[in-house]
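As they're listed, the protein sequences go chains P and X.
With my numbering, the residue at position 281 of the first sequence is 281, and numbering never jumps.
Heads up: take any position in the second sequence, counting from 1, add 328, and you land on my numbering.
A couple of the hints might just be wrong.
Listed next, the in silico SDA-like pairs over lysine to any residue satisfying Cα-Cα at most 25 Å (straight line) [stated by the list, open to error]:
no., chain 1, residue 1, chain 2, residue 2
1, P, Lys28, X, Ala448
2, P, Lys23, X, Ala457
3, P, Lys326, X, Pro422
4, X, Lys450, P, Gly70
5, X, Lys450, X, His423
6, P, Lys23, X, Glu478
To be clear, the hints were calculated from the coordinates, so they are not data collected in a lab.
Every value quoted in this text rests on a predicted model; they were computed, and no experiment measured them.
The lines below spell out each chain.
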Amino acid sequence: MADTAALDAAPIAASLPENRDDKALQRKIFVGLAVLLIVAPTVLYPVYLMKVLCFALFALAFNLLLGYGGLLSFGHAAYFGMASYLSAYSAKVLGLTPELAILTGTATAALLGLVFGALAIRRQGIYFSMITLALAQMAFFFALQAKFTGGEDGIQAVPRGALFGAFRLDDDRAMYALVAVVFFLGMLAIYRIIHSPFGQVLKAIRDNESRAISLGYRVNQYKLAVFVLSATLAGLAGSTKAIVFQLASLTDVHWSMSGEVVLMTLVGGMGTVFGPIVGALVIVSMETYLAQFGAWVTVIQGCVFVLCVLLFREGVVGLIARTLHKPL
Amino acid sequence: MGRDVILATQGLTMEFKGFRAVNNVALEVERGTIHALIGPNGAGKTTCFNLLTKFLQPTAGSIRYKDRDITGLKPADVARLGLVRSFQISAVFPHFTVMENVRIALQRRRHGDSFDFWRAEKCLRVLNAEALELVEAVGLSDFASTLAVELSYGRKRALEIATTLALDPEMLLLDEPMAGMGHEDVDRTAELIRRVSKARTILMVEHNLSVVASLSDRITVLARGQVLAEGDYATVSKDPRVVEAYIGAGHA
Numbered sequence: 001m002a003d004t005a006a007l008d009a010a011p012i013a014a015s016l017p018e019n020r021d022d023k024a025l026q027r028k029i030f031v032g033l034a035v036l037l038i039v040a041p042t043v044l045y046p047v048y049l050m051k052v053l054c055f056a057l058f059a060l061a062f063n064l065l066l067g068y069g070g071l072l073s074f075g076h077a078a079y080f081g082m083a084s085y086l087s088a089y090s091a092k093v094l095g096l097t098p099e100l101a102i103l104t105g106t107a108t109a110a111l112l113g114l115v116f117g118a119l120a121i122r123r124q125g126i127y128f129s130m131i132t133l134a135l136a137q138m139a140f141f142f143a144l145q146a147k148f149t150g151g152e153d154g155i156q157a158v159p160r161g162a163l164f165g166a167f168r169l170d171d172d173r174a175m176y177a178l179v180a181v182v183f184f185l186g187m188l189a190i191y192r193i194i195h196s197p198f199g200q201v202l203k204a205i206r207d208n209e210s211r212a213i214s215l216g217y218r219v220n221q222y223k224l225a226v227f228v229l230s231a232t233l234a235g236l237a238g239s240t241k242a243i244v245f246q247l248a249s250l251t252d253v254h255w256s257m258s259g260e261v262v263l264m265t266l267v268g269g270m271g272t273v274f275g276p277i278v279g280a281l282v283i284v285s286m287e288t289y290l291a292q293f294g295a296w297v298t299v300i301q302g303c304v305f306v307l308c309v310l311l312f313r314e315g316v317v318g319l320i321a322r323t324l325h326k327p328l
Numbered sequence: 329m330g331r332d333v334i335l336a337t338q339g340l341t342m343e344f345k346g347f348r349a350v351n352n353v354a355l356e357v358e359r360g361t362i363h364a365l366i367g368p369n370g371a372g373k374t375t376c377f378n379l380l381t382k383f384l385q386p387t388a389g390s391i392r393y394k395d396r397d398i399t400g401l402k403p404a405d406v407a408r409l410g411l412v413r414s415f416q417i418s419a420v421f422p423h424f425t426v427m428e429n430v431r432i433a434l435q436r437r438r439h440g441d442s443f444d445f446w447r448a449e450k451c452l453r454v455l456n457a458e459a460l461e462l463v464e465a466v467g468l469s470d471f472a473s474t475l476a477v478e479l480s481y482g483r484k485r486a487l488e489i490a491t492t493l494a495l496d497p498e499m500l501l502l503d504e505p506m507a508g509m510g511h512e513d514v515d516r517t518a519e520l521i522r523r524v525s526k527a528r529t530i531l532m533v534e535h536n537l538s539v540v541a542s543l544s545d546r547i548t549v550l551a552r553g554q555v556l557a558e559g560d561y562a563t564v565s566k567d568p569r570v571v572e573a574y575i576g577a578g579h580a
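Chain X with its partners taken away, still in its complex shape (with noise of 0.2 Å):
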């Protein structure tokens, strides 16, 4: 076949007191691609990420990253994998400067665990340098020593994407990187997703389909917690079990 899956699952299934949120899912996700989940509200998307992510234990089936099981693992350890997550709602360290949220994912690459409660934060500023290119690299230069809570929505979640990028992940999965934002911010993530895109592998749930169009090499569609259809963009939207889903679960 000579495809490279980095990221791949088997039988995926979450069970909430008899609802199947997300049912016998076999997901495969090919090295140095963006692949996109799409699919209408409650089809899982969201209960995927956490489940390949491991903020929730799967009640059945495997997820296997780079050739190794992790489905028994703890999430800060999928993390260190080099397997990185971002929330929906944004996340940023709400009384952390920009600049310091950014440094606090580079201190864990580079210390590991700080557990050196008797230095001073002095030995954190050997990591300025890199936190202040990461957070230019994403626009925020202006806004360094910002507290995030101060930020505009659009700007929280190109801080999230910087924080995220410090661990220097394999792979990224977003969720849903654009919700909320403007036209410029749209424009101007999807160029950052991109950019980012090149080493990596990412797998985003995205709700803006011309997003989705323009940056994925291959979208799968759930519905109803099950895989509906799986391909590029001309492939899925043209299926129509696609449409129908789409439109039949009142989208129009």
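So here's chain P without its partners, still in its complex pose (with noise of 0.2 Å):
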């Protein structure tokens, strides 16, 4: 800048904040997780606490693409339900050892992510999530027709088996140490993509997309990029529910799933770090302990959705976040 008049470049730069409370307090809130992660299984049943972290995971790869890529895909059950197929299939007919299947699985989401994210990504807004949801259903009557997903009964009694070779996961405490990790992996490092140069060029998207293009930044390969992070984490999380609940099946690439986690990234906060783990908390804790009530918990559930959306749009992270004034 030859031209930018006498500068006396005062250090500005050091009185600026740059955000360091905000860090610190979101880096306190990671601790706690982790003590949360440690403690809970002493406490509450290690099952239910997996099914929780691994829609957890789910919901925060899809946080990724919705509230930092402002995309709304309507058909992420493709890749956690193919994931989750595929994990299952390498973990009990290949005999793959579980950390491979997981692999195999979370490969497959993310190529999946790679084709299906190509093609949606050339439209916006609702046009977007319908292609998104179009492509998902193909997926869907895929897993339906194809032999070695077993149709209508889903590919069950897959071995647990033990991981590397040499511990085994039949006992649940194993099993949840992993599932824990994963989880807690996958947290950071969706976290790092957010705060990344990466995930900062995508919130500038997301603001303000036809600026973004102006400063010469070539958005839609951004989208696709996020795109395919996002379908693998949630490959990470299908796989991971394979192994742990033994089982892959229709139910995992039903659309209901697709609107579930849109469902746990609403009520919990969108865009916001922590939101999505809050989100699955609540949605996977009414459906099992409201289970008793049947069909019900689907009222209920859209009951506690509509009032979510009436009283605190911006989800119970959102909302705590802005009564804070801090970047939950």
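Both chains come to you apart, so use the hints to assemble them.
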């Protein structure tokens, strides 16, 4: 900048708060979550906890796309479900160890995300959402028709096997340890993506796409990249879930699963770091503890969603963040 | 001729379902000048801008920038060639601070495509000092850590200019930089444009004719999608067709 006049470049740089306090608070929450993850199985049923964690990771992955990429996918069940099938298949039929089965499922989701994403990002807004839904429905019918998925039965009795061929996962506590680690690493990865130079560009595109283009950013490449990242992490959640519950079924690829993850993200707080975890906790807990009400669970969930939209549109964590004036 | 033309169009035409918003426009912008595009409402000025920056694809005609045909390029790639636009409605990133708004532009210029999702954003701090210099250059130092959404209209425009300058563009296209501004803001922005024009070429659409008169080296008048007149302010303002277009269009 030759012509920016006389600059007494005063030490303004030093006086900028740089959001250090916010970061410190988020770091404390991470530590708190780690402690919770360790303590929780002594109090609560580990299988219930593992379900919450798998769905929380799924919702976090979805929120990366919706909350930070500004892209509403209505077909995330495809990545979650297909990963779950491939993970179950490799563990049961191919006899892979659980970590390799999970990796296979995750890689499948990444590949699927690349293909579906490349098609979907060509359109914007509602059209984007409809394309993701249509592609996910194709994945559903594939899962219904293909031989290896077991059709209506799904893939049942998937062996949990031994991690690295050494540590048996049959015990729920051992399994829980693996799920907790996968969840925590997945969450850290998403946090890093959001707070990276790449994440900064994503937020810029979400805020004002044409301005981002006019600054020379090729926005479609970023949309595709975040789509693939989100699909991959959703796949990680689905693959892990298949090993935990020893089952991959049509429920995982059904469109209602896509809807459920939207619900979790919105209830918890879209575009917040921790919201999807709270959302998953709320929704899974309702399904677990209200199971005695049968079909009424859906009605209750619907009411919770309506209340949430009417009373705190930014979700539980979004509301807390606004009250505290801090990003969470 | 000896004219050093940086941006030229030939037969530039944009047709929307039979309506020619821009019709056979030949425009030549000389390097290092401030060139204004004026005309009554609906004359096709903004459409013209969208064509030049490739936000719209012309139905006919060609655009040359620095002796290169850019008619088939994508908007992001035009920006990368140093031809950068502003928008009529202030285009800032509302949830970024003022400093971050400028920094995101610097990031593109200095770091290229940032696909590094595995790095911490701390690595962007090296750009802070330069971003703050630009923020200071447009008089927004006191607001460096304010969210852009909270700025007044005039300050948003100033921020937009700082962001555009962060790309160090060779040529700027300013779409109504003074629109909706109060008096002091207009003077301040005019001064800013004059200052940044020193090493650059500027093409601007502007309704404020006194600003146009004092800033521009050359003026092109558009009416109904066509070039009506061209020349310096004295020539153009005396042209009877121009006077008629303005008064006839009910601008009196």
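Right, here's what the structure says about each hint:
no., hint, in the structure
1, Lys28(P) with Ala448(X), "holds, 18 Å"
2, Lys23(P) with Ala457(X), "holds, 21 Å"
3, Lys326(P) with Pro422(X), "holds, 17 Å"
4, Lys450(X) with Gly70(P), "holds, 23 Å"
5, Lys450(X) with His423(X), "holds, 18 Å"
6, Lys23(P) with Glu478(X), "holds, 22 Å"
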